[in-house]
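Under the working numbering, the first residue of the sequence shown is numbered 179, with each subsequent residue one higher.
Don't take every hint at face value.
[What the hints assert, rightly or not] Here are the in silico distance ranges between beta carbons for each label pair: (1) T231 - K205: 16 to 26 Å; (2) S230 - K205: 12 to 22 Å; (3) Q223 - Y203: 30 to 40 Å; (4) I208 - L183: 30 to 40 Å; (5) Q227 - K206: 15 to 25 Å; (6) K204 - T231: 17 to 27 Å; (7) S190 - G210: 15 to 25 Å; (8) I213 - L189: 18 to 28 Å.
Hints listed in this document are in silico derivations from the structure and should not be mistaken for laboratory results. Please read these numbers as outputs of a predicted model, since none were measured by experiment. From the three backbone atoms N, C-alpha and C, an ideal C-beta is built for every residue, glycine too.
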Amino acid sequence: MITELLFALALSSVIASCHYGYIAYKKKSIFGLLIAMNLLEILGQICIQFLSTYNVIVIDQTQNFMSFLLN
């Protein structure tokens with residue numbers, strides 16, 4: 179039960195950083211967008227590490243997603 183709560187917390191943090199990035203994009207704030215992208219990458223890596231601890235196979239698409247955002 180604790181592991182599910184921790185994963186839900188990590189996943190909600192990823193969603194919150196995506197929302198922050200969307201707001202920064204709408205306001206055309208490059209600095210805010212860079213912060214959101216870095217948060218997304220860090221929190222995404224935490225989620226991936228958490229899932230791999232419990233033997234869940236994860237395909238890391240973080241770099242592909244970041245390059246998609248930058249192009």
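Evaluation of the provided hints:
Checking the proposed 16 to 26 Å range against T231 and K205 shows it is violated: the Cβ atoms sit about 37 Å from each other. For the pair S230 and K205, the beta carbons lie near 35 Å from each other, so the given range of 12 to 22 Å is not met. Distance hint check: the CB atoms of Q223 and Y203 are about 22 Å apart, inconsistent with the given range 30 to 40 Å. The hinted range of 30 to 40 Å is satisfied by I208 and L183, whose Cβ atoms lie roughly 35 Å apart.
At roughly 33 Å, the beta-carbon separation of Q227 and K206 lies outside the given 15 to 25 Å, and the hint is violated. K204 and T231 have their C-beta atoms about 36 Å apart, which leaves the hinted 17 to 27 Å range violated. Taking 15 to 25 Å as the suggested C-beta distance range, the pair S190 and G210 conforms, at roughly 20 Å. For the pair I213 and L189, the beta carbons lie near 19 Å from each other, so the given range of 18 to 28 Å is met.
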